[in-house]
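There are 4 protein chains.
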Amino acid sequence: MAGNSFGQLFRITTFGESHGEAIGVIIDGCPSGVEVDLDYIQGELDKRKPGQSKITTQRKESDTVKILSGTFEGKTTGTPIAMIIPNEDQRSKDYSHNVDVFRPSHADYTYATKYGIRDHRGGGRSSARETAARVAAGALAKLLLKSQGIEIVAHVSSVGKIDAPNVFIDNADEFIAQREQNIVRCADPATAEEMIAFIDGVRKDGDTVGGKVSCYIKNVPVGLGEPVFDKLHADLGKAMLSINAVHGFEFGSGFSGSEMRGSEHNDIFMKDAEGKVITRTNFSGGIQGGISNGMPIEFKVAFKPVATIMHNQQTIDGEGNAAEISGKGRHDPCVVPRAVPIVEAMAALVIADHLLRNRSAKI
Amino acid sequence: MAGNSFGQLFRITTFGESHGEAIGVIIDGCPSGVEVDLDYIQGELDKRKPGQSKITTQRKESDTVKILSGTFEGKTTGTPIAMIIPNEDQRSKDYSHNVDVFRPSHADYTYATKYGIRDHRGGGRSSARETAARVAAGALAKLLLKSQGIEIVAHVSSVGKIDAPNVFIDNADEFIAQREQNIVRCADPATAEEMIAFIDGVRKDGDTVGGKVSCYIKNVPVGLGEPVFDKLHADLGKAMLSINAVHGFEFGSGFSGSEMRGSEHNDIFMKDAEGKVITRTNFSGGIQGGISNGMPIEFKVAFKPVATIMHNQQTIDGEGNAAEISGKGRHDPCVVPRAVPIVEAMAALVIADHLLRNRSAKI
Amino acid sequence: MAGNSFGQLFRITTFGESHGEAIGVIIDGCPSGVEVDLDYIQGELDKRKPGQSKITTQRKESDTVKILSGTFEGKTTGTPIAMIIPNEDQRSKDYSHNVDVFRPSHADYTYATKYGIRDHRGGGRSSARETAARVAAGALAKLLLKSQGIEIVAHVSSVGKIDAPNVFIDNADEFIAQREQNIVRCADPATAEEMIAFIDGVRKDGDTVGGKVSCYIKNVPVGLGEPVFDKLHADLGKAMLSINAVHGFEFGSGFSGSEMRGSEHNDIFMKDAEGKVITRTNFSGGIQGGISNGMPIEFKVAFKPVATIMHNQQTIDGEGNAAEISGKGRHDPCVVPRAVPIVEAMAALVIADHLLRNRSAKI
Amino acid sequence: MAGNSFGQLFRITTFGESHGEAIGVIIDGCPSGVEVDLDYIQGELDKRKPGQSKITTQRKESDTVKILSGTFEGKTTGTPIAMIIPNEDQRSKDYSHNVDVFRPSHADYTYATKYGIRDHRGGGRSSARETAARVAAGALAKLLLKSQGIEIVAHVSSVGKIDAPNVFIDNADEFIAQREQNIVRCADPATAEEMIAFIDGVRKDGDTVGGKVSCYIKNVPVGLGEPVFDKLHADLGKAMLSINAVHGFEFGSGFSGSEMRGSEHNDIFMKDAEGKVITRTNFSGGIQGGISNGMPIEFKVAFKPVATIMHNQQTIDGEGNAAEISGKGRHDPCVVPRAVPIVEAMAALVIADHLLRNRSAKI
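Chains as they are written, first to last, in the numbering used here: chain A, 17 to 379; chain B, 17 to 379; chain C, 17 to 379; chain D, 17 to 379.
Just to be clear, a hint being listed does not mean it is correct.
Since the list can't tell identical chains apart, any single copy or any two copies may satisfy a pair.
To be verified - In silico DSSO-like links for lysine-lysine, alpha-carbon gap of 27 Å or less:
1) Lys378 / Lys234
2) Lys63 / Lys220
3) Lys162 / Lys378
4) Lys378 / Lys82
5) Lys344 / Lys287
6) Lys292 / Lys162
What the hints contain is simulated information worked out from the structure, not anything from laboratory work.
Using the sequences provided together with the hints, build the complete structure.
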């Protein structure tokens with residue numbers, strides 16, 4: 017209710033602050049029998065961790081995950097799975113200059129007003145460090161989904177005004193392999209180079225820039241999603257909008273669909289060579305009436321530029337007096353390369369949840 | 017859990033099919049003491065009801081709401097408020113030709129597969145008729161919010177590729193009055209004329225077109241929204257994406273924000289003449305770290321074109337055989353004019369819910 | 017959250033006051049494909065309705081239920097099922113003498129203080145009339161359970177200090193037939209006569225008396241119930257304690273089990289003739305570690321005497337001044353005969369909910 | 017949903033198995049500003065920990081709690097509070113003889129059937145060791161309640177057939193001080209001696225015995241509890257029934273109330289010397305219509321005898337073959353002395369939750 021849980025049947029609750037002892041997550045509702053590949057989970061965390069390349073923050077965290085409960089002899093048991101990630105590099109001094117001023121476009125002012133007390137170190141709970149816990153939980157959800165043949169891939173499709181063309185790699189592993197060949201996590205190599213050069217320039221300016229992540233989910237069975245309020249895309253949208261810095265979400269035809277006519281937008285049903293029901297186009301993004309229709313689910317997420325910049329900025333302090341905040345510390349010039357595993361993780365959590373929920377649809 | 021409820025503390029559950037006995041809603045968690053202005057509630061429903069102008073469907077429904085419980089001597093009592101709207105014009109025969117074929121880009125196929133049984137009359141539960149129940153509940157939420165000084169206004173900001181300019185009317189009543197002077201519900205009179213002419217042409221083609229609705233929420237106290245998963249904009253996003261035909265949501269700088277640099281995007285804190293904390297710009301859309309910061313909340317919702325068109329279309333039937341669906345019945349050429357009260361209603365439900373949730377933030 | 021909903025996956029929300037327009041319920045999460053036997057549902061309501069015999073209140077209500085949504089051609093469709101029961105005999109004048117005084121051991125004082133406003137007519141929302149909605153929903157749950165072979169039977173096992181002996185009728189229909197042969201709903205005919213005579217005497221005194229209802233659930237599959245907080249008996253206990261006038265719940269060995277030694281209390285596992293795992297005794301009441309073990313589930317519910325008596329009583333009014341309340345109106349001398357279908361209904365709702373929840377236990 | 021969470025607004029989720037790495041709890045929804053007295057929390061855990069006296073199990077666990085998140089400079093911040101208690105004495109070998117047999121009246125059989133996999137070491141998740149996490153969370157809830165003047169006390173009121181007389185100590189600290197003077201945690205010294213001698217005899221027999229815990233909650237404001245399903249006593253009942261080994265719950269007049277007449281059971285309203293509304297008697301147990309009425313809340317919880325005994329017992333193994341289980345390992349001869357802090361903790365969690373929930377009752 018206080019907003020630190022997500023999902024109904026496959027439900028996670030995260031905890032932890034940027035500079036506290038540890039962050040972590042409890043997964044409640046994971047079915048028994050899922051094989052827990054700890055290396056895979058750690059690998060997902062490694063894609064999100066800071067300090068992995070020149071275009072990410074230089075904070076050093078190994079983000080080593082430890083499972084405290086809920087598994088036995090390598091499999092889940094149906095009981096809650098607690099995962100913990102200790103904080104290592106808690107260079108809190110970097111934040112001492114921010115104790116009493118509100119950083120622009122951060123959550124300092126709103127937290128201070130809502131709670132009357134605030135852990136100022138690195139943004140405390142509002143830090144995107146919390147998303148490491150999501151990635152750990154999402155990795156387990158992906159293992160569950162993989163056992164059902166469902167694949168989720170995402171990549172950076174835009175940085176600033178640089179847009180990648182559509183990438184046609186049907187195999188998920190190949191898509192990911194190609195994406196991981198560059199540090200910006202764009203599956204189109206040529207665009208990736210352009211993006212990296214651009215981000216590096218922004219970084220040298222002490223500035224930041226936004227971007228977009230596109231995500232594709234394949235082999236989703238027909239029937240996931242609950243009508244009316246818990247439409248599959250509504251839950252995906254909430255999941256994505258809950259990620260730090262996200263300002264927009266669209267699926268299928270998205271915003272551009274609002275400019276189209278029905279006669280061009282309608283997805284015509286037909287059968288493919290194997291007799292499977294498909295649609296000729298996929299403006300529905302794999303979801304109709306809030307329920308998966310078996311076509312690939314496609315959506316896009318827009319991230320604003322990171323608020324921490326290396327410039328001095330005007331602001332106010334806790335008493336409302338004018339103040340200046342100096343540009344110090346470590347920061348990400350562009351958040352999207354590290355956001356790719358987060359987007360995939362949140363998508364996996366939504367799909368796993370609805371996979372379980374769908375089991376109740378029929379007598 | 018089956019997705020027919022929305023909200024945590026101010027919680028609604030809707031029921032009803034397009035061509036059943038009635039649709040309705042239970043509101044659970046409305047505080048006692050709210051004055052129930054039934055005329056206002058009916059007035060909101062009138063803005064959503066079919067048959068209100070030449071650019072909406074010609075189905076005739078008075079959409080007369082009746083309150084069955086939860087009020088006493090004109091005020092809410094803290095007990096559940098049940099509202100019911102009987103269905104009148106149930107011309108189900110119009111749908112007899114659709115019994116066994118799946119209409120393109122409708123929910124026929126997904127419902128049939130998920131549940132194994134389907135009320136085919138007018139889309140059954142998947143019909144946008146369900147949103148009347150939301151509008152009734154949202155109107156009550158708006159009465160609660162008004163008593164706290166909070167105002168919500170929306171209008172049609174785009175139809176197809178026709179975009180309205182920004183409208184600067186600070187007073188909510190004036191904004192609505194101007195919007196209601198035209199049947200497309202755009203607060204800019206010149207653009208409204210253009211939109212109406214365009215929709216009328218689309219209608220004559222037997223076609224449909226999408227559009228966008230922009231929404232503004234004013235006088236929201238600082239502190240609404242729960243960190244991490246239930247960020248205020250995440251809940252707004254889910255609310256909007258749960259509305260039939262919505263394919264995209266953005267708030268504040270939205271998708272265009274992903275193309276900006278941090279140094280231009282950051283909203284600088286300052287004080288206004290009365291000493292209230294404000295920000296110089298509002299790219300944050302009134303929400304920082306998922307919590308309202310006291311600035312106006314601003315978001316935009318993209319609607320795809322209505323799937324029901326007056327053209328013959330190829331499809332398949334329940335056995336998977338090729339079939340043709342003929343363009344008959346009644347339909348909306350463009351859904352956004354009737355969507356305006358729905359967007360406002362869903363926004364009101366989210367804000368009312370978080371207003372109550374915020375009461376637990378401090379000891 | 018405001019407490020008018022029950023269940024997680026098979027979830028009901030009730031509404032309505034004793035003397036309002038109607039009471040009713042929405043069932044959300046009922047799987048599709050359940051055959052809706054409206055006569056059976058009405059029959060269950062008839063067992064709870066007032067005025068059915070000389071030992072129940074003489075208020076006249078036909079309690080005729082109407083289904084507004086969620087069914088199609090006689091079966092559930094997976095969408096919410098709304099049921100409504102209009103109030104007919106709203107003799108509110110009977111309550112005009114109570115407008116401003118707090119009836120002893122009723123909810124008048126607590127509602128008035130909690131909400132600051134109170135529908136005084138017949139107790140408003142706090143009236144046991146609300147339980148009719150539960151019986152309607154529970155009857156549908158029983159239809160779902162019957163299709164899975166699960167049977168629920170209850171009867172009056174005590175009135176005041178009169179206790180019925182154990183009744184050994186294995187067949188559920190026969191048990192119910194025998195119970196329904198007397199107006200007190202005790203399956204032991206001799207005890208029933210004694211109980212009826214006793215209640216009749218209490219009624220003539222203008223007084224009331226408490227009693228107990230025993231309930232048995234058969235053919236429950238092994239595995240229902242969630243460990244830790246949502247143990248099957250914990251949810252059954254909450255369900256029963258939520259019924260008006262209930263002051264106690266025990267299952268299996270219950271309170272007397274607390275006086276036993278482990279060596280006599282332990283239920284020894286063995287196999288029956290068909291090779292099914294059973295236990296030699298059933299002190300566990302069919303539930304171990306919060307999960308059904310396949311043995312019959314057994315529990316008992318204690319009801320306090322009805323608070324409305326035909327005596328004058330001292331009390332205070334809304335200003336805290338001493339006042340007297342006169343014994344007028346209609347009342348039940350003993351609530352347990354009408355409580356039998358309520359206990360069964362709530363049990364059915366719990367079992368149906370956990371039946372669906374258990375579907376997620378394994379991969 | 018998988019049953020490892022409790023509470024709505026003050027919500028806990030526990031994790032961990034008897035012989036895993038650690039057990040722990042996340043508290044989500046604790047308001048900011050609560051002073052965290054870690055010594056008090058540890059002191060509560062010490063009352064529950066094993067090995068504290070000759071009448072408890074000799075397993076050695078220091079049960080040292082560590083807070084990982086959610087506090088800053090000694091106060092809660094409104095973010096989730098994670099507490100962890102490492103497992104130390106994991107003498108798993110003691111359980112190796114139980115790998116493949118189902119211990120009578122334990123959860124072995126039901127877990128194995130429900131999940132198809134089972135952590136057999138010490139009962140895994142079904143072990144009462146999980147309640148340590150509840151005690152830690154409940155201690156924080158008690159700190160919150162104390163700041164509002166609310167006091168919770170419990171003691172052992174029965175062991176087997178030995179019942180303690182009512183104890184009249186109004187001051188909570190004095191009550192607890194007297195209770196803590198003996199190892200059985202009964203506030204009546206004479207009865208305590210009798211109980212201890214009896215338990216010691218049972219222990220020497222290698223047997224176990226049940227008992228009861230009585231609990232009193234004072235200074236609860238009028239208005240806590242939600243009508244209909246989430247009645248305050250229904251939530252208390254569920255909380256207590258969720259504790260391992262509990263088989264019964266009653267509040268106020270309880271089971272004996274079902275033998276009374278209304279004319280003797282009704283609690284007459286009056287004012288005390290300070291003008292506060294009270295009732296002459298308290299058969300309602302401080303709760304009317306599910307809502308606290310300001311009188312002390314009183315309830316009783318019945319615990320069955322511990323299932324682990326030092327006798328050989330017949331049972332079956334995983335293949336359903338007859339087997340014998342030998343009486344080895346460590347066990348509690350009577351669980352109630354260690355259950356006292358658990359009962360108090362669960363009561364505190366319920367009251368804290370409803371304290372927050374009640375904030376939404378009025379506009």
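A quick look at each hint next to the structure:
1. Within a single copy, Lys378 and Lys234 get their C-alpha atoms as close as 24 Å, and across copies as close as 23 Å, so both meet the 27 Å cut-off.
2. In this assembly of identical chains, Lys63 and Lys220 lie within 27 Å of each other by CA distance solely inside one copy; the values are 23 Å within and 53 Å between copies.
3. For the identical chains of this complex, Lys162 and Lys378 are neighbours both inside a copy (24 Å) and across copies (15 Å), given an alpha-carbon limit of 27 Å.
4. When the C-alpha separation of Lys378 and Lys82 is checked against a cutoff of 27 Å, the pair qualifies only between copies, where the shortest distance is 23 Å, while the shortest distance within a copy is 38 Å.
5. Proximity of Lys344 to Lys287 under the C-alpha cut-off of 27 Å is restricted to the inter-copy arrangement: shortest distance 25 Å between copies versus 59 Å within a copy.
6. In this assembly of identical chains, the alpha carbons of Lys292 and Lys162 lie at most 27 Å apart only when taken from the same copy (21 Å versus 36 Å across copies).
Violated hints are absent here; each numbered hint is respected by the structure.
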